[in-house]
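Peer 1: Position chain B against the provided structure of chain A, taking the given hints into account.
Number of protein chains: 2
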Amino acid sequence: MKGFFSLLTTSQVQQILCSFPVLNAQQISLLEAPGRVAACDIVCPEDLPPFSRSTMDGYAVRAKDVFGASETEPALLNVVGEVRMGQQAPSTILEQGEAIKIWTGGMLPKGADAVVMLEYTKELDSSLVEVYRAVTPNENVILKGEDWLKGEVCIKKGTRLRPQELGLLAGLGITRLEVVKRPDVCILSTGDEIVAEDQNPPPGKIRDINSTTLTALVTQSGAVARRLGIVDDSFEALYAKCQEALDLGADIVLVSGGSSVGARDFTLKVFEHICSSPPLIHGVAIRPGKPTIVSRYRDKALFGLPGHVASCMVVYLLFVHYLVNIMHGLDPETGLAFRRVKCGEIFPSVAGREDYVRVRVKEDQEGGFPVAYPVYGKSGLISSLVIADGLLKIPRDSEGYHEGEEAEVMLLP
Amino acid sequence: MKGFFSLLTTSQVQQILCSFPVLNAQQISLLEAPGRVAACDIVCPEDLPPFSRSTMDGYAVRAKDVFGASETEPALLNVVGEVRMGQQAPSTILEQGEAIKIWTGGMLPKGADAVVMLEYTKELDSSLVEVYRAVTPNENVILKGEDWLKGEVCIKKGTRLRPQELGLLAGLGITRLEVVKRPDVCILSTGDEIVAEDQNPPPGKIRDINSTTLTALVTQSGAVARRLGIVDDSFEALYAKCQEALDLGADIVLVSGGSSVGARDFTLKVFEHICSSPPLIHGVAIRPGKPTIVSRYRDKALFGLPGHVASCMVVYLLFVHYLVNIMHGLDPETGLAFRRVKCGEIFPSVAGREDYVRVRVKEDQEGGFPVAYPVYGKSGLISSLVIADGLLKIPRDSEGYHEGEEAEVMLLP
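Protein chains in written order, with my numbering: chain A, 863 to 1275; chain B, 863 to 1275.
Chain A on its own, in the form it takes in the complex (with noise of 0.2 Å):
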């Protein structure tokens, strides 16, 4: 009987990953910087704000002059100016007993420490008002600054860009940065039964599936997906289309089918071939997705994926979406979603091996866990994955969940 020689556990695969290298550093600009990661700390180059600002339309104050300040007994204060938006605040200091009216955003003057909203104060003329509520220093105010003083690291490495970090960065005008390159991927489907989704297959072709899969799944991963299309059931055109790869600069190279271990599968030699030395992974104690093989080629990966769409699904979302965040230099784990759910049924499962089992997750009506339900269906259709909402994951030293246990569910993208 023809087997694997070693399966290897989830965390044994991922640790093996965690060896490859983060890409390196690029200079993009602010407009292509969603959802990238910076490449190193970046630093304020000024104080963020660069000065200290109101927060409220109304009257800049010495907050001790209104100490006290209420509807019976208003302090009264001598309306010495108006700093307009966006101009420079004015250069004499704030006497004590004065006010000057700003607006929200302005610049705060000299002398004054808060501001009164306009809603509690009243106009007697252009030159007085009445305020009718105390303040205590710093109120409605930001002060210069504050968010973060110039030499501060505002950002860290590693961290990937999320609206308010492009905010932040618009902020203070920093429009190009370093980031981490995005792992490239080609993605290549093989055997010779497939045909490309445009055709009409003749009788025992299906078209192919997994590389449009694969290229949504890449592109939400954050890398660049490049599809190299569909590659025969032979050593020779096998290993031409992967080379091709590596030479077009694939960081990561997936070869969906063919990975079994069949009279066809010739990934496994090829990638030897390639590395010159045995893959990395080669089976792992997972279902679906036992028959995967990791090959390493310099600082590069080549994947080999089991052809069955629903397999090749949960091998990307365990391992190639976990190598797509290290080498993008992220936690491994961004990106994915997981829930703790309760089980719907029983999900039998056996001792030794990870069971990932298609479930449909449903809000539970009494406000507890959500509750999940297993699809079924074999891991080579495709309505299983349509119809899931997620992977519910069963342990390795687990015989499965009775119905009414907690388990966690991998949420699908």
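Rather than coming from a laboratory, the hints here were simulated on the basis of the structure.
Any given hint could turn out to be false.
Remember, identical chains collapse to one label, so a pair may be satisfied in a single copy or spanning two.
Claimed, not checked - Here are the simulated lysine-lysine pairs, DSS-like style, with alpha carbons at most 30 Å apart:
hint : residue 1 : residue 2
1    : K1152     : K1224
2    : K1224     : K1204
3    : K984      : K1131
4    : K1012     : K972
5    : K1152     : K1131
6    : K926      : K972
7    : K1019     : K1043
8    : K1204     : K1152
9    : K1012     : K1152
10   : K1006     : K1152
11   : K972      : K1043
12   : K1018     : K1204
13   : K984      : K1006
14   : K1019     : K1224
15   : K1224     : K1012
Peer 2: This is chain B only, laid out in the frame that chain A set:
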């Protein structure tokens, strides 16, 4: 004292937004389809798979011929041929006592109803095989049409196309399809105090943070973002830019800044002038985000968003993202992630308004709910958003949470 006439609740606002119609359909290619939304039910043009297939390398058999087979009492079958990958199965029908060699993905021959895995067989010679294990009918086989039958709906109208739906479309040869147009969102920042992010602001001015933040948020929502730049605080300038946005085909116009009750607030007047009607929404009982305006011009929405970046982002996530989903034909909460948390500190609030408190979320070491800690900071600070993982919601009828109480956090995208 000036104020907002009638503050609406979050759910009232969201109900009003539900009155906007779904955008029109457009035809695109499968390559452009990731993340798009099906504009109509998609019907299978053929059975999927188009023929019964083996899911294993092995022998195609009649299950009843190997009934009771075991290591000690193997079944003996005549090998009458081989189904080569991608080739049509023989036209003859498999007879009693016969087997045909078959590979994963191969076309099941007529008469066969199951496949015995290679591992459980032994080839005695080229025409005789011993089988060591019984199989049930349909074992290791995917039946013709087992995914979907011709004429069945495989993707429902309103489905967002994930990698697996795209794979399905590829499998069916559907390379062009009808999707809902992506909402076009034009982004404007108002204020005499702001300059573009590539400018060096003079004293009293700061760089525009909101345009960059909103552009990234809009893109994440699956809409098309178009930046129209910075507008001076004047009725004429803002009116002209809003008209330009509508002329460009905007479905949603976002104006940030200028929506608080103040002397320079032209947003409301401009919206009223364009729409010839009062706004649908003027003021929401939330903090931050109270001074929000929504007007409707035909089927287009005009938003006046708070100028403070944290407030702006809260309003975006609660209402603009919601409307993008409505216009896109999606469930309005699509793309948002919520988590149940335990409060790590006291979260004070006042009844009558909903609070969205920026929080950090830390996993509980003991495996319970994650724990949320408030990020202190005024809504004009962007650092609080950079530090935060999510927004903890304190409902309208609550005066806050005690340490240890359960609450809900909307994760920041």
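Peer 1: All hints are to be evaluated individually against the structure, with a verdict given for each.
Peer 2: Consistency of the hints with the structure:
1. K1152 <-> K1224: Classified as within: same-chain Cα gap 29 Å, cross-chain 34 Å, threshold 30 Å.
2. K1224 <-> K1204: both (10 Å within a copy, 22 Å between copies)
3. K984 <-> K1131: Between copies only: 24 Å across, 85 Å inside.
4. K1012 <-> K972: Within one copy only: 21 Å inside a chain, 77 Å across chains, cut-off 30 Å.
5. K1152 <-> K1131: Within. Shortest intra-copy distance 18 Å satisfies the 30 Å Cα cut-off; inter-copy 64 Å does not.
6. K926 <-> K972: Within one copy only: 15 Å inside a chain, 94 Å across chains, cut-off 30 Å.
7. K1019 <-> K1043: This pair counts as within: shortest intra-copy Cα distance 13 Å, inter-copy 37 Å.
8. K1204 <-> K1152: For K1204 and K1152, the Cα distance is within 30 Å only inside one copy (26 Å; across copies 39 Å).
9. K1012 <-> K1152: Neither, since 53 Å and 32 Å both go past 30 Å.
10. K1006 <-> K1152: The answer is between: 25 Å across copies meets 30 Å, while 58 Å in one copy does not.
11. K972 <-> K1043: Neither, since 46 Å and 52 Å both go past 30 Å.
12. K1018 <-> K1204: between (37 Å within a copy, 27 Å between copies)
13. K984 <-> K1006: Within. Shortest intra-copy distance 29 Å satisfies the 30 Å Cα cut-off; inter-copy 80 Å does not.
14. K1019 <-> K1224: The answer is between: 20 Å across copies meets 30 Å, while 38 Å in one copy does not.
15. K1224 <-> K1012: between (49 Å within a copy, 29 Å between copies)
Of the numbered hints given earlier, the model fails hints 9 and 11; all others are met.
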